[in-house]
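Listed here are the chains, written in short residue letters.
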Amino acid sequence: MPLPLKYNVRHVARRWKTTSMTILAIALVVAIFICMLALSNGITHAFRISGEPRNVIVLRSGSNAETNSAVERTVYDIAKVLPGIARDKDGNALVTAETINIATLPKKTGGGGNASIRGFGPMSMAMRPQIKLVAGRMPDPALHELIVGSGAAERFANTEIGDEIKLVKSKWKIVGRFEAENSAFSSELWGDVDRLNLEFDRTVYSSLLMQADSIEARDALIKAFKDDQRLSKLEGQPEAGYYEKQTAQTAKPIEFLGMLISIIMAIGAVFAAMNAMYASISSRAWEISTLRVIGFSRFSIILSFCLESLFVGFIGGVIGALLALPINGVTTGTTSWSTFSELAFAFRITPSLVLGGIVFASLIGVIGGFLPAIQASRIAIVDGLKGEG
Amino acid sequence: MTLATYMFKNALRNKRRTALTAISLAISLTVVIFLKTILLQMTDPPEPKRPSARFVVRHRVSLTMGLPRSNEQKIREMEGIVDVTPMQWFQGIYKDEKPENWFARFAVDPDSFFRVYDNLKPASEEQFQAFRKTRTGCLVGRKLEERYGFKIGDTITIRGDIFDANPELKVVGFYDVTDDQPMNDWLVFQIKYLDEMLGETTRVSSFFALADSPQRLETLLPAIEERFRNSDAEVKAETEKAFQMSFLEMMGNVTGLINTLVTVVVFAVLLIAASTMALTIKERTREVATLKALGFSRGHILGLVVGEGIIVSTIGGLLGIGGSYVVLPRPGLLAACAAGAIVAIIIGVLMMAISFILEMKQDSKVRFIASKYGAIIAICIGVVITGLLVATMPTLDWLSMSGGYVMAMNVRPQTGLLGLGITVVVGVFSSFWPAFQASRMSVLDGLRKVD
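In the order they appear, the protein sequences are chains A and B. Sequential numbering of the first sequence, starting at 0, is according to numbering that gives the first Met the number 0. Sequential numbering of the second sequence, starting at 0, is according to numbering that gives the first Met the number 0.
Certain hints may be false.
In silico lysine-lysine, DSSO-like type, Cα no more than 27 angstroms apart, as pairs [said to hold, decoys possible]:
1. K371(B) x K385(A)
2. K94(B) x K232(A)
3. K106(A) x K240(B)
4. K240(B) x K120(B)
These are computed hints drawn from the structure, not numbers from a lab. Computed from a predicted model, the values in this text were never measured in an experiment.
Using the sequences and the hints given, assemble the complete structure.
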């Protein structure tokens with residue numbers, strides 16, 4: 000017969016002074032765990048553009064990022080008439096040529112950062128429904144005007160509507176601000192593609208974005224690029240997949256560091272839990288013997304103490320999650336090495352991450368309680384009752 | 000018995016508890032030292048033996064925009080310049096995109112390259128001449144030779160990503176880094192070969208140059224920026240160190256992240272140690288009361304308890320700091336130790352379980368062995384496994400394990416000192432409150448207390 004849980008809860012409450020320190024130590028470990036994973040979560044999220052799945056991005060084969068790619072102007076005209084290209088209600092082909100340029104802009108925190116400046120065409124916004132202009136207006140293609148993503152606006156100085164920033168030769172006016180669900184796009188500044196090409200002295204585009212009629216047409220489109228002689232130097236791939244591939248290099252090291260530190264610190268926390276349980280058990284020898292005499296089996300003693308320790312770990316996990324929670328949504332930035340530009344992202348605590356943290360803490364508790372629980376079950380009844388435990 | 004012996008005996012009285020506390024402190028200190036070492040390595044690379052007069056000239060707008068090659072001559076003509084060399088970051092992919100196959104590749108001009116990088120020396124004059132004369136030749140840094148086992152005559156194919164070119168390079172020799180600059184092991188090949196593949200004289204991402212003295216840079220750097228102002232490629236000139244630091248800055252607030260982690264870890268270990276000390280003193284309430292009854296003063300009691308805390312933390316601290324010095328520079332050993340420890344813990348728990356189950360079945364002989372020698376058997380097996388792994392495992396290095404972020408882990412003296420500081424702080428602070436309470440307790444209450 001198992002011991003009632005109430006017994007354990009009451010015990011934890013009775014020795015709250017010493018238990019609270021163990022709980023807090025576990026809570027800190029869990030807070031580190033959640034924060035580090037929230038960091039890598041945020042980066043991963045930034046590369047999940049939640050965009051139109053029928054979009055295909057075309058790059059020069061061999062280049063793994065828009066920054067390194069080059070697409071000739073003539074390709075744009077070939078692509079527009081490929082079979083399977085979607086059209087808007089006015090009959091325009093949903094194809095756009097874009098460029099990515101990197102410029103060092105002053106950051107709000109001081110120093111300079113590499114900003115992605117995207118040159119976009121008339122169809123670009125229509126093909127990315129997740130991007131929304133939230134203030135100001137779209138840039139006039141005939142003027143030196145830019146709109147700024149919400150992430151970039153938060154990181155770079157002089158990016159309010161009405162401000163001017165110098166790129167290569169001339170000053171560009173900020174006329175609007177857009178949001179892109181915290182994806183990588185929101186770290187960019189957008190302007191007219193041909194005007195930006197003049198500014199950056201370039202004659203070729205970085206990439207071509209096409210929207211297919213359907214998912215099947217998308218795959219056919221990618222294949223068409225492979226087979227067409229005129230397009231042999233180019234390669235198409237789903238836009239969403241292209242962004243997701245960039246996650247690894249930026250998010251993986253942080254995830255690695257976070258897991259490493261959490262696991263090592265968890266060992267320390269297990270030892271703390273163990274000490275607390277051993278002490279608690281040795282002061283309860285008399286009580287445990289009594290329980291045995293009443294008829295509780297050794298197994299139910301073990302179970303009961305493991306549960307008690309799990310309970311301590313669980314509370315630690317909950318407090319740790321609460322400690323970590325305020326960091327959710329805090330934005331920070333790093334450099335995405337594949338595009339060599341600033342990526343703004345927000346710490347992202349998901350329900351599953353909180354749950355993971357609490358499970359992690361409960362595990363710390365159970366593992367820390369296991370050996371003491373076995374010892375508790377082995378207390379000789381006679382000795383225990385004599386009060387010599 | 001002196002008071003010191005009394006403290007020692009007390010500290011070691013509950014050996015299991017002391018061991019657990021000390022080990023968790025040791026583990027946490029290893030984490031702190033690990034983090035601080037990474038941070039120092041990135042923010043404070045070893046100073047070159049002589050102050051460097053080397054600097055970088057690049058496009059003002061960003062590194063991705065190239066500078067015309069004709070700038071080389073214009074920079075060379077400026078006052079105070081010893082030499083200039085064009086360097087183009089080629090990047091590319093060697094074998095695959097895994098981090099362990101990532102290393103820096105540059106297209107360079109052989110003659111001026113080694114004049115500007117006066118800390119790099121080709122392994123021999125013949126190899127240098129071979130590099131100059133072989134159109135597709137390349138030289139590799141000594142550390143890359145060790146890591147990838149490149150041999151003279153090998154062909155290395157790099158698939159271009161930034162450039163639409165896939166150079167097939169012949170290894171003609173090696174070069175040594177004569178000071179301990181950590182980031183100078185590259186693959187370098189002739190920029191003429193790159194031009195040839197691309198069919199044009201390519202622009203370059205940067206010019207590295209040497210001034211006649213480090214003091215000269217103060218006036219020279221602004222002068223160079225001024226020289227190219229309003230040209231079609233305005234430049235930024237900065238010292239080599241500032242250039243390297245700009246990459247660290249790009250990674251975001253690494254310093255803040257690591258320092259926060261260190262603070263939280265220290266705080267956690269303080270709590271762990273404090274909870275143990277509180278338990279210990281609570282169990283000894285009657286003893287403390289007895290001591291007081293015998294005439295020990297409050298100060299004595301305070302000192303005895305804090306001293307005991309310091310002894311426990313010192314055991315853990317020395318274990319952690321010593322362990323870090325031995326294990327952190329050797330990731331292979333670290334991994335082997337971790338694996339060994341995990342196996343030992345699993346076997347230990349199994350032994351406990353066996354002895355527990357058999358106890359119920361009254362099978363005395365096996366149970367006796369399992370419960371008496373279980374821990375020893377577990378530890379022995381753990382040690383053997385660690386040894387086997389160390390002997391058989393391929394060499395691991397931090398560079399590939401961390402995805403290219405951590406070069407090597409050499410614990411510096413100041414990091415060790417920090418560890419020592421934390422040890423003392425943890426020792427004093429964890430025991431002070433319980434000690435204070437014990438010293439204030441009245442003799443009567445203490446003696447009356449039945450735990």
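Hint check results:
| no. | hint | result |
| --- | --- | --- |
| 1 | K371(B) x K385(A) | 25 angstroms, holds |
| 2 | K94(B) x K232(A) | 21 angstroms, holds |
| 3 | K106(A) x K240(B) | 20 angstroms, holds |
| 4 | K240(B) x K120(B) | 21 angstroms, holds |
The structure meets every hint from the earlier list without exception.
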